[in-house]
Amino acid sequence: MSKQKRTAPRARAAAPAAPAEQAERMPSGAVMERRLAETEYFTPGSVACPGCGGALAMRHFLRAMGPETVVVIPACCWAIIAGQFPYAALTVPTVNCLFAAASAVASGIGAGLRVRGDRGARVMVWVGDGGTYDIGLQSLSGALERNEDMLYVCYDNEAYMNTGIQRSSATPPGAWTTTTPGGKDMAKKNIMEIITAHRVPYAATVSLAFPEDLREKVKKARDIGGARFIHVLAPCPPGWKCQSSETVKLSRLAVDTKLDPLYEVENGLRWRITVEPRNLPVEDFLSRQGRFSNLDANDVRRIQAEVDRNWAVLRRQAEVNPL
Amino acid sequence: MRRAKRTISPKRYNPKLPASAADAKGFRGASDMPAASVSVPGGSMLVCETGSWRNVRPVFEDKTPPCLPRCPAGENIEGHLDLLARGRDAEAARLLREDNPFPATCGRVCYHPCESGCNRAEWGGAVAIHSVERYLGDLALRLPAEKPAARAGKSGRKHRRVAIIGAGPAGLTCAWHLAKRGIEAVVFDREPEPGGVLRTGIPAYRLPKDVLAMEISRIVEAGVELRLGVEVGRDIAFEDLRSAYRAVFLACGYHRPRALGVPGESLKGVEDGLDFLRRINYGQKVTPGRRSVVIGGGNTAMDCARAALRLGSHPLVIYRRTRGEMPAIPEEVLEAEREGVEFLFLMQPAEVRGKGGRVAAVRCQRCRLGEPDASGRRRPVPIKDSFQDLAADTVLLATGEDADLSFLPSGWTLGDNGAVLDPATGHEVEGVFAGGDLTTSRKMVANAVGSGKAASWVIEKYLSGRSWSESLAELEHAPTSFSVARLEKAGAPPRSSEIVDATSINFDHFPKLSRASAGRLSSEEAIRSFAEVNQGFDRATAEAEARRCFHCAVCSRCDNCFVFCPEGIVRHKPGKACGDYEIDLSYCKGCGICAAECPRGAISMIRENR
Ligand SMILES: Cc1cc2nc3c(=O)[nH]c(=O)nc-3n(C[C@H](O)[C@H](O)[C@H](O)COP(=O)(O)OP(=O)(O)OC[C@H]3O[C@@H](n4cnc5c(N)ncnc54)[C@H](O)[C@@H]3O)c2cc1C
Ligand SMILES: Cc1ncc(C[n+]2csc(CCOP(=O)(O)OP(=O)(O)O)c2C)c(N)n1
Ligand code: SF4
Ligand code: SF4
Ligand code: SF4
Numbered sequence: 001m002s003k004q005k006r007t008a009p010r011a012r013a014a015a016p017a018a019p020a021e022q023a024e025r026m027p028s029g030a031v032m033e034r035r036l037a038e039t040e041y042f043t044p045g046s047v048a049c050p051g052c053g054g055a056l057a058m059r060h061f062l063r064a065m066g067p068e069t070v071v072v073i074p075a076c077c078w079a080i081i082a083g084q085f086p087y088a089a090l091t092v093p094t095v096n097c098l099f100a101a102a103s104a105v106a107s108g109i110g111a112g113l114r115v116r117g118d119r120g121a122r123v124m125v126w127v128g129d130g131g132t133y134d135i136g137l138q139s140l141s142g143a144l145e146r147n148e149d150m151l152y153v154c155y156d157n158e159a160y161m162n163t164g165i166q167r168s169s170a171t172p173p174g175a176w177t178t179t180t181p182g183g184k185d186m187a188k189k190n191i192m193e194i195i196t197a198h199r200v201p202y203a204a205t206v207s208l209a210f211p212e213d214l215r216e217k218v219k220k221a222r223d224i225g226g227a228r229f230i231h232v233l234a235p236c237p238p239g240w241k242c243q244s245s246e247t248v249k250l251s252r253l254a255v256d257t258k259l260d261p262l263y264e265v266e267n268g269l270r271w272r273i274t275v276e277p278r279n280l281p282v283e284d285f286l287s288r289q290g291r292f293s294n295l296d297a298n299d300v301r302r303i304q305a306e307v308d309r310n311w312a313v314l315r316r317q318a319e320v321n322p323l
Numbered sequence: 001m002r003r004a005k006r007t008i009s010p011k012r013y014n015p016k017l018p019a020s021a022a023d024a025k026g027f028r029g030a031s032d033m034p035a036a037s038v039s040v041p042g043g044s045m046l047v048c049e050t051g052s053w054r055n056v057r058p059v060f061e062d063k064t065p066p067c068l069p070r071c072p073a074g075e076n077i078e079g080h081l082d083l084l085a086r087g088r089d090a091e092a093a094r095l096l097r098e099d100n101p102f103p104a105t106c107g108r109v110c111y112h113p114c115e116s117g118c119n120r121a122e123w124g125g126a127v128a129i130h131s132v133e134r135y136l137g138d139l140a141l142r143l144p145a146e147k148p149a150a151r152a153g154k155s156g157r158k159h160r161r162v163a164i165i166g167a168g169p170a171g172l173t174c175a176w177h178l179a180k181r182g183i184e185a186v187v188f189d190r191e192p193e194p195g196g197v198l199r200t201g202i203p204a205y206r207l208p209k210d211v212l213a214m215e216i217s218r219i220v221e222a223g224v225e226l227r228l229g230v231e232v233g234r235d236i237a238f239e240d241l242r243s244a245y246r247a248v249f250l251a252c253g254y255h256r257p258r259a260l261g262v263p264g265e266s267l268k269g270v271e272d273g274l275d276f277l278r279r280i281n282y283g284q285k286v287t288p289g290r291r292s293v294v295i296g297g298g299n300t301a302m303d304c305a306r307a308a309l310r311l312g313s314h315p316l317v318i319y320r321r322t323r324g325e326m327p328a329i330p331e332e333v334l335e336a337e338r339e340g341v342e343f344l345f346l347m348q349p350a351e352v353r354g355k356g357g358r359v360a361a362v363r364c365q366r367c368r369l370g371e372p373d374a375s376g377r378r379r380p381v382p383i384k385d386s387f388q389d390l391a392a393d394t395v396l397l398a399t400g401e402d403a404d405l406s407f408l409p410s411g412w413t414l415g416d417n418g419a420v421l422d423p424a425t426g427h428e429v430e431g432v433f434a435g436g437d438l439t440t441s442r443k444m445v446a447n448a449v450g451s452g453k454a455a456s457w458v459i460e461k462y463l464s465g466r467s468w469s470e471s472l473a474e475l476e477h478a479p480t481s482f483s484v485a486r487l488e489k490a491g492a493p494p495r496s497s498e499i500v501d502a503t504s505i506n507f508d509h510f511p512k513l514s515r516a517s518a519g520r521l522s523s524e525e526a527i528r529s530f531a532e533v534n535q536g537f538d539r540a541t542a543e544a545e546a547r548r549c550f551h552c553a554v555c556s557r558c559d560n561c562f563v564f565c566p567e568g569i570v571r572h573k574p575g576k577a578c579g580d581y582e583i584d585l586s587y588c589k590g591c592g593i594c595a596a597e598c599p600r601g602a603i604s605m606i607r608e609n610r
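If you read the protein sequences in the order shown, they are chains P and B.
Residue numbering for the first sequence follows my numbering, beginning at 1 and increasing consecutively.
Residue numbering for the second sequence follows my numbering, beginning at 1 and increasing consecutively.
No lab work stands behind these hints: they were computed from the structure.
Hints may contain errors.
Which chain P residues face chain B? A few, computed with CB under 7 Å, are given here [stated by the list, open to error]:
no., residue
1, GLU40
2, ALA89
3, GLN138
4, GLY142
5, PRO181
6, GLY183
7, ARG222
8, PRO238
9, CYS242
10, SER244
11, LEU269
12, ILE273
13, PRO277
14, PRO281
To be clear about the criterion: a stretch of chain B counts as covered by chain P if any three or more of its residues have a C-beta under 8 Å from a C-beta of chain P, and this derived list gives those stretches [stated by the list, open to error]:
no., stretch
15, 118 to 131
16, 365 to 378
Pairs of lysine to any residue residues, derived as SDA-like cross-links and limited to a Cα-Cα distance of at most 20 Å, are as follows [unchecked claim]:
no., chain 1, residue 1, chain 2, residue 2
17, B, LYS512, P, GLU40
18, B, LYS512, P, ASP284
19, P, LYS241, B, LYS180
20, B, LYS180, B, LEU143
21, B, LYS573, P, GLU276
22, B, LYS573, P, PRO281
Model, not experiment: these values are computed from the prediction.
We put the beta carbon where it would ideally sit given N, CA and C, even for glycine.
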């Protein structure tokens, strides 16, 4: 069953038939020259913190999306990074909106473009984890249910960072935030299962450490009609209490410890893991961040068990319902 | 570092931006929409020079990979591996020869200290630099020879002529580097054929004689003159050489056998190991007895034993210390063992016993290890009354040689750096330099090659008008372990002599691949002839091995810094298709991601004083 057929508001290019190639596991060997020749749509001079994962994410998403993109940003760090009136850090049209309203605003812009007969532009909704997992969840669910023509991106820095590191439902267990001074007790909400339950045409996770995989998925999502969702883990040096230079390293470790598996889901039903993790212990990821410094060996073991369980579930999905 | 005035043009980043509010009105699609979040267009965050935030700054700085200073011949290892990995084999071979005119030889007999420092060690094993060197060396033999450089006219000849004593690797390397720079080098050797120990000592199963001959003919073609069969001190006096040439390079090696100093040494069947090898290497018929006892633990001992084995004898090597102290290249010891050579350690000869004027046995005394001696190895101490007779039909003495410098004026001494001291004046002798086994800390081929290169460096400076002491001082700028090719091509990007170790390598970017090893003849097959044992790498293996190199500390233009900078300010320099990068420091926040994600430590973060 293809949801795309049911409500696809506008058939753009069909999803590429051939599955995107498994991302190069070990990029950038000496001879493997990687040249991403696209233009930049994110200017220097933004006020993102040094080493901001969200900033690097936007840079690569826009390079893949191209100039025909309208960005919708609700309250979050990126509302600041994108520039203070009247200055802009993005060279594509950017619309700021209320915290809970991003998906509704995107729906409206999509409708407006349609009415004007614009067939080229794509709407990219760019929201933090607070705005996605918590406060924007109902408007997001509504837009997914209507299969609005948008690419919704959650850059997940695992807390409300813009207002000073308060926990969200994306904050992982054990993590320190100002509102969980002893470490968070609850599990991280599984947003991908919520999204795929809406049976949207395309949902995927990407990582800053795997730029080819990221680019392929964003390009694929760009050219599909209907609601698409991409999750990108965005290390935040001040919020995670980590080195600003380790943003990419932590992204890579998150993938390799199976904390942030990379996969894609079509129509909510067919799953495919795109990067095989190196299966490192979660401790490798946790130990490099101050927000986990209060964990003891038992906590780490519990987290490892949970990660292994989640991975087994995902693995089974990809085996039983392969893409 | 905020600059007072600066024109900021958002168009630099998006040529499609509307130029004014009027243009922005009535847009039809997303591409026409204004850039600002509300309807006021124009303002760009480029006004905010975030470079003022940082206190560390990234700098592109190529440094020195650990393999490089360990190569006694000073090869630009990373450089030729890079070319080979990119499929530019011929250029790789030429780059290699720029530093070493004996790559096919060194690729066979070198003890490859370069590999022991390789940062790949923990990631599948050190890069097989040595075997790749052989592949490239053999390739170089099939390439057109280097053209001799133009020489100075006849009149200036004496002033551009250098005499070299000894046509071993040190002498020939020096001559070759000089010839390439248009300086006339005349090499004297008492042997009928050039090559030194490479010709007379190392047997063909390790270094085929045609390979050596081809390599030497390349050197001669570059404009080197050989005078063979001429012994300095007998056929021509050293002082005559000095007056006929501007400079003299002493490279006559270690050839005077050291006497064992035990009774029975002159019995029939006792032979100097180097003489034994020399006769074999010149193709003479040599027939050792059934049992040959080889005395010594160096390369000569290993080759005597392995050669004797190939001539139908059963060799036994006796050495007075233990295996760990043997000066021979460990691989050669292993090969000897694999082929069936027997070893007895902690044994020293006390007497050679004979029967009817011929050797019959070696009387040995057992030893134990005592205090370390000057070389740092533990001294063998003979144990009282622990004698033992070992039957022998042939005894080969391989206990080392000394230099024979009797042709020099008495009292002259050689310094470690190659300078020659005259105690009568208290000064360095002008225009005379020594190298190869005579001076190097390790008596090995690659060291000889490196010292020949250093000699050429000093002599060239002297011939171009510097004083002798100024010329000698040049050595400091040109340590033999550094590539001349690299030194001469200094420039952008800067190269520092800082050596990067494995902590500067980002292993995440490299797959763990195992080191390749070369095929070899089976031991049964090997001992049947003097055919080369090691089969070397084929093209595919050599290239795959070159791809394993990390290119430590040398930017390979992988684009990682460009890809991972969150600010997008690492850029390819305008006009360059790829390869050269620059960082817009007006905006760099100093996060350090570029340096951390550089696979090879080619970016340094340096502190800024603000
Ligand atoms: C059997 C053996 C095996 C070896 N195996 C290895 C190995 O596997 N790997 C390695 O790295 N090293 C090895 N070595 C050491 C290596 O061969 C030497 O370090 C190297 O050859 C030294 O080079 P050189 O140019 O200083 O002198 P040499 O190679 O000794 O050349 C000196 C030349 O000077 C000539 N000469 C001497 N006196 C006079 C004179 N008065 N007039 C004219 N000519 C003269 C000699 O005939 C000789 O040709 C081995 C040595 C031996 C003996
Ligand atoms: C309705 C509403 N509540 C609270 C705020 C204050 N606020 C602004 S940004 C922010 C945090 C956003 O967190 P998240 O979505 O995770 O993005 P991040 O800042 O971490 O990038 C909050 C609470 C707001 N702007 N509007
Ligand atoms: S990886 Fe390459 S550059 Fe680095 S030490 Fe080894 S051979 Fe040299
Ligand atoms: S990654 Fe970019 S911002 Fe960070 S230090 Fe390097 S050049 Fe500067
Ligand atoms: S990351 Fe790659 S391109 Fe950048 S300096 Fe290092 S080797 Fe060169």
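*Holds or violated: is the Cβ of GLN138 (chain P) closer than 7 Å to a Cβ in chain B?*
Violated - the Cβ of GLN138 (chain P) stays beyond 7 Å from chain B, reaching only about 25 Å at its closest.
*asked:* CYS242 (chain P) was flagged as interface toward chain B. Is the shortest Cβ-Cβ separation under 7 Å?
replied: violated (11 Å)
_Does the closest beta carbon of chain B sit nearer than 7 Å to the beta carbon of GLY183 (chain P)?_
violated (27 Å)
*Does the interface hint hold: is ARG222 (chain P) within less than 7 Å of chain B, judged Cβ to Cβ?*
At about 13 Å, which exceeds the 7 Å cut-off, the nearest Cβ of chain B leaves the hint on ARG222 (chain P) violated.
_Please check whether SER244 (chain P) passes as an interface residue: C-beta within 7 Å of a C-beta belonging to chain B._
With a closest approach of 4 Å, the SER244 (chain P) hint holds.
*Have a go at the GLY142 (chain P) hint: is there a Cβ in chain B nearer than 7 Å to its own Cβ?*
Hint violated; GLY142 (chain P) Cβ to chain B Cβ min 23 Å, cut 7 Å.
*Sort out whether GLU276 (chain P) lies within 20 Å of LYS573 (chain B), counting only the CA atoms.*
violated (35 Å)
*Sort out whether LYS180 (chain B) lies within 20 Å of LYS241 (chain P), counting only the CA atoms.*
Given that 20 Å is the threshold and the Cα spacing comes to 59 Å, the pair is violated.
*Was the hint right that PRO181 (chain P) lines chain B, CB cutoff 7 Å?*
The hint is violated - PRO181 (chain P) has no Cβ within 7 Å of chain B, the shortest such distance being about 27 Å.
*Interface hint outcome for LEU269 (chain P) [beta carbon to chain B under 7 Å]*: For LEU269 (chain P), the interface hint is violated, since the closest Cβ of chain B sits about 31 Å away, which is over 7 Å.
*Restraint satisfaction for ALA89 (chain P) [CB to CB of chain B, less than 7 Å]*: holds (4 Å)
*asked:* Run the distance test for LYS512 (chain B) versus GLU40 (chain P): straight-line Cα separation, threshold 20 Å.
replied: Status violated; Cα separation ~34 Å.
When the structure is compared with the earlier hints, violations turn up for hints 3, 4, 5, 6, 7, 8, 9, 11, 12, 13, 14, 15, 16, 17, 19, 21 and 22 and for no others.
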